[in-house]
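J.: Spelled out, the chains give:
Number of protein chains: 4
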Amino acid sequence: MFGFIGLGQMGLPIALNLLESGRGPVRVHNRTASKAAKLIEKGATLAASPAEVAAPGGIVFTMLSDDRAVEDVVLGEDGILQRLGPEGVHVSMSTIGPATARRLAELHEQRACAYLAAPVFGRPDAAAARKLWICLSGAPGAKARVEPILRHLGQGVFDFGEDAGAAHVAKLAGNFLIGAAMEAIAEAVVLVEKSGVDRVKVIDMLADTLFNCPVYRNYGKAIAADRAAPVGFKLALGRKDLELVLQAAGAVQTPMPLADLVRDRLLAGLAKGRAEMDWSMLSLGAAEDAGLKPAAARRE
Amino acid sequence: MFGFIGLGQMGLPIALNLLESGRGPVRVHNRTASKAAKLIEKGATLAASPAEVAAPGGIVFTMLSDDRAVEDVVLGEDGILQRLGPEGVHVSMSTIGPATARRLAELHEQRACAYLAAPVFGRPDAAAARKLWICLSGAPGAKARVEPILRHLGQGVFDFGEDAGAAHVAKLAGNFLIGAAMEAIAEAVVLVEKSGVDRVKVIDMLADTLFNCPVYRNYGKAIAADRAAPVGFKLALGRKDLELVLQAAGAVQTPMPLADLVRDRLLAGLAKGRAEMDWSMLSLGAAEDAGLKPAAARRE
Amino acid sequence: MFGFIGLGQMGLPIALNLLESGRGPVRVHNRTASKAAKLIEKGATLAASPAEVAAPGGIVFTMLSDDRAVEDVVLGEDGILQRLGPEGVHVSMSTIGPATARRLAELHEQRACAYLAAPVFGRPDAAAARKLWICLSGAPGAKARVEPILRHLGQGVFDFGEDAGAAHVAKLAGNFLIGAAMEAIAEAVVLVEKSGVDRVKVIDMLADTLFNCPVYRNYGKAIAADRAAPVGFKLALGRKDLELVLQAAGAVQTPMPLADLVRDRLLAGLAKGRAEMDWSMLSLGAAEDAGLKPAAARRE
Amino acid sequence: MFGFIGLGQMGLPIALNLLESGRGPVRVHNRTASKAAKLIEKGATLAASPAEVAAPGGIVFTMLSDDRAVEDVVLGEDGILQRLGPEGVHVSMSTIGPATARRLAELHEQRACAYLAAPVFGRPDAAAARKLWICLSGAPGAKARVEPILRHLGQGVFDFGEDAGAAHVAKLAGNFLIGAAMEAIAEAVVLVEKSGVDRVKVIDMLADTLFNCPVYRNYGKAIAADRAAPVGFKLALGRKDLELVLQAAGAVQTPMPLADLVRDRLLAGLAKGRAEMDWSMLSLGAAEDAGLKPAAARRE
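Chains as they are written, first to last, in the numbering used here: chain X, 3 to 302; chain A, 3 to 302; chain G, 3 to 302; chain H, 3 to 302.
Hints were generated in silico from the structure; no laboratory data involved.
Be aware that a few hints might be false.
The list treats identical chains as interchangeable, and a pair is accepted whether it falls inside one copy or across any two copies.
[What the hints assert, rightly or not] Computed list of lysine-lysine pairs in DSBU-like fashion (alpha-carbon distance at most 35 Å, straight line):
1) Lys133 x Lys37
2) Lys242 x Lys40
3) Lys133 x Lys40
4) Lys223 x Lys133
5) Lys203 x Lys44
6) Lys236 x Lys133
7) Lys295 x Lys223
8) Lys203 x Lys40
9) Lys236 x Lys44
10) Lys236 x Lys223
11) Lys37 x Lys223
12) Lys44 x Lys133
13) Lys37 x Lys295
14) Lys236 x Lys295
None of the values given here were measured: they were computed from a predicted structure.
This is chain X alone, in the form it adopts within the complex (with noise of 0.2 Å):
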């Protein structure tokens, strides 16, 4: 049996496919059980908190929002830590900092159970259709027994070794180049427009050419089109991400000014209401800086 906890934008997906692999009956929770419908239509069960998705021994997977999000599933009154118990795994997916994660991991082991760091890159599509990347790093034994279910879930499993914090780690550095390269293409966009140039043209061939990858394609097209990128990721959640790059830099002794550049132009699309938008809508603050009003921005 496994068990799944948090069912948002990405947990949902992940959830449905691991539930339809077969591998074994699924019991989930979600803060609002809502959300569990369509699993529970497919045969999964429906549990009232934390605790109650792990089987001793079993295996447990997280998918939630924040640091204090999973610190919460795993150490509150019905969490998960009580009950996993001896050769349980917690399959840890969200993207939180290093040093929660290490905690966490310490905390598991003293109760003979393993935390496996397993945060994904890609977007919801990318979740359903298994093409996640997923970044593991833990203890071999529970790496493992938890290998082939995540092959199964994403179409690539990059292992950072023990250290629990590695593969957050990795993670965070892939976030925020992700970030970068956006505050670089709007940069460009708005550079190119003010200088009369066709912006998409400039764009598609960058990224047709030297820059053609995933990020530039999606992200640098949709922003050379000023159009709205499906909410894939939302800005809030972007902002908390670029705190935790800086915060693992700063606990490290690490300036990122880059880092910082694009936490500010997230923290600005806050502060201007952007909080729902896809985190993409950073590209608005380079814009608005050279007196431009993009139409995503006129949409508001």
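Got chain X sorted already, so can you dock chains A, G and H onto it with the hints?
T.: Chains A, G and H in isolation, oriented as in the chain X frame:
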């Protein structure tokens, strides 16, 4: 007959390919004449001045280091403009500012010849292998005449319309994106290393998935491995390009804070005596700010 | 009777002045008890725990290094909150975040005692000379009782109303401005020096005219002269304060790019082993970026 | 006889003071001749070209808007250089780059006359009240002749030696510090306001204590009060000065990230149509990034 002026790291292999294309005789000029040896051996003729490579109504390619060098070669006492005359075409492959290009284009037009902007993406090995990406803009007639030749010299030609500045803007936007990507990678790599995680593994993972494109694969892996990339593009030239980006942006009232950051990294590199290193060594800035002593810097 | 907790560089001279004011007996506590020697010699008594310095309905001053230290001293097992009781006043002079202060104020209120925010501007010598500037906020009754004492300890008290967070915000704003001024001076000094102009003369001129105020006179002249200022405020504490600034700003969705820059300079200082130097040594960042080797850094 | 060229907001009151000093007749020139009316009324004579204000061996003051204007007035067809001749002195009060000044100084020297750098600090009202601070550098003999006059026009003269660029570097450093202080104040004010604290009180406190100097008192209080300062120095000119700072810094390989930030705020101000507002309105940037709608911007 073709003229070719500027036989540096980029100009030389392009001129060779032009010569070997068999489309016509090639006359070359370079400030340091010795660089032409290989070309002469293969049948090119050497001209003592820029003007001498230009035949009335002919085609002259220039690949020079900066705006002033192009202006000198065009407008100087022995410049090409006085010789090129009606129907002549100047194919300007250097990375220069759009304002200079537009001014030059006007002066060409006054003499009934054409300035074609044709800056390229690609390092010297790409130039040699005819794998350049070429941005093109300018007068339609001249473009029609030159485009087949450019297609032979690269793997793709992108037309940005009639504005002589447009292709240069596209080129500057691209170089800015490369510099920004390197700074992002540099910061990410430092965060990863100081967090005790394998920096090569993390960058490999990202460059194999979300960032599976030349810039991240090449520069990303070089930076992560802390090995000096072969000097395909000098740091001093990178700095010059970022100044062009910021000048072009300033001229159209566009703040580009990320371009500022990249320029400052390059400027610091110059101040530390790294002008002749590859411009990917701007990555040393993030490392040194975090108290690391990268191998590339230790070799200094 | 007064209690006083925290006998560091700032707390010790303030406690001495309180003792010498003759307003009543002073009971002190410090983690390292030996620091209390001078006070005990002059009549103070030493308490083994925070709680012991607090008398029901009395006044306790705290001057500690960070939010957590204040929380521990207030809320810990032997914390003051359990003893202070009705009418008691906690005068919190530490530089902490407004969110922590507001949370503590609420907990004090629940016990019918008062949290007064009273952070100070001034280095240790100013504390000794009763030349501090004191920011004050909190409950009116408690303020009326404590203000005369604060007036004795400094040269001016500024009242920011009833919000326990307000005085802390004012203090953070001030420390940010100091850090920003130092970064500005540092960059200006490098520009001047590398331009071949006398840096001491230029800063002297500015600090005698437009910027004729303590921050520019003191820090400006120290930075221009490239001499390490006496360590009045450690770089590690400066970094902590800038993190508080950015946290407070983040909590109210306020991007502060200049605060980012100052924080990054301090973080780089830490990474380079300068935690114990005066925080004005953040100025080394601008110098090193320009390839200079300042005397202050050479002494390392 | 004195010549005076440039009767803008700064030049006019300085020329008036020069005239009223009774040290000799004053001949003036301005592109828009009507601006000279008040001076002519008081006895000055009007010259139709720059050259006409210069008498062989005489003294000519210039107070112009940028490097190019100074170059035109000196080197143009009707420029002063051809007339000034041996012993002539050109007192250059404009804020221009040190490279331009050094080039001009050399050209003056070739004609046996002198270029004196004499840029000033102070807004128009300070010019009128003879309260300017004047930076001076250049040839000793010329300085000895001109310094008494400058002392009459301001409240202090600072000598930076013989390098014609030196006084301009000092001036640029000062203007950079002013811009940096305004950005710092702007960010602090937004933090304070969004934290629910009285921004005027906080800035008043700081400008009465640690920052008790003209820049913080004047600009600080204007920014805190969200009232447009009287336009003493246009935003467009502030931007020009920051570009000069960055050019001078680039020429000596000095990264200045804080100067980048200030320049970008000014550039954004231009992009938003604020060229004619006082340059303290760069403070709107921080406010708008935080989602505030300052009164100064609402008035637009």
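J.: At most 35 Å between alpha carbons: which applies to Lys133 and Lys40, within, between, both or neither?
T.: Close inside one copy (21 Å), not across copies (51 Å); limit 35 Å.
J.: My question is about Lys295 and Lys223: at a cut-off of 35 Å on alpha-carbon distance, are they close within one copy, between copies, both, or neither?
T.: Close inside one copy (18 Å) and across copies (31 Å); limit 35 Å.
J.: When Cα atoms must be at most 35 Å apart, do Lys236 and Lys44 count as within-copy, between-copy, both, or neither?
T.: Intra 28 Å, inter 60 Å, cutoff 35 Å: intra-copy only.
J.: When no copy is named, should Lys203 and Lys40 be tagged within, between, both, or neither for a Cα gap of at most 35 Å?
T.: Neither, since 42 Å and 38 Å both go past 35 Å.
J.: Within, between, both or neither: how does the pair Lys37, Lys295 come out at a Cα-Cα threshold of 35 Å?
T.: Close neither inside one copy (37 Å) nor across copies (39 Å); limit 35 Å.
J.: Tell me, please, which holds for Lys44 and Lys133 at an alpha-carbon limit of 35 Å: within, between, both or neither?
T.: For Lys44 and Lys133, the Cα distance is within 35 Å only inside one copy (22 Å; across copies 52 Å).
J.: Pop the pair Lys133 and Lys37 into one bin, within, between, both or neither, using alpha-carbon distances up to 35 Å.
T.: within (22 Å within a copy, 51 Å between copies)
J.: At most 35 Å between CA atoms: does that hold for Lys236 and Lys133 within a copy, between copies, both, or neither?
T.: So Lys236 and Lys133 pass the 35 Å test inside one copy only (20 Å; across, 39 Å).
J.: Treating 35 Å as the Cα threshold, decide for Lys223 and Lys133: within, between, both or neither.
T.: both (21 Å within a copy, 24 Å between copies)
J.: State whether the alpha carbon distance between Lys242 and Lys40 is at most 35 Å within one copy, between copies, both, or neither.
T.: within (29 Å within a copy, 48 Å between copies)
J.: Regarding Lys37 and Lys223, is the shortest C-alpha distance of 35 Å or less found within a copy, between copies, in both, or in neither?
T.: within (32 Å within a copy, 42 Å between copies)
J.: Classify it for me, Lys236 with Lys223: is the Cα-Cα distance of at most 35 Å met within a copy, between copies, both or neither?
T.: both (18 Å within a copy, 30 Å between copies)
The structure does not agree with the numbered hints 5, 8 and 13 stated previously, though it agrees with the rest.
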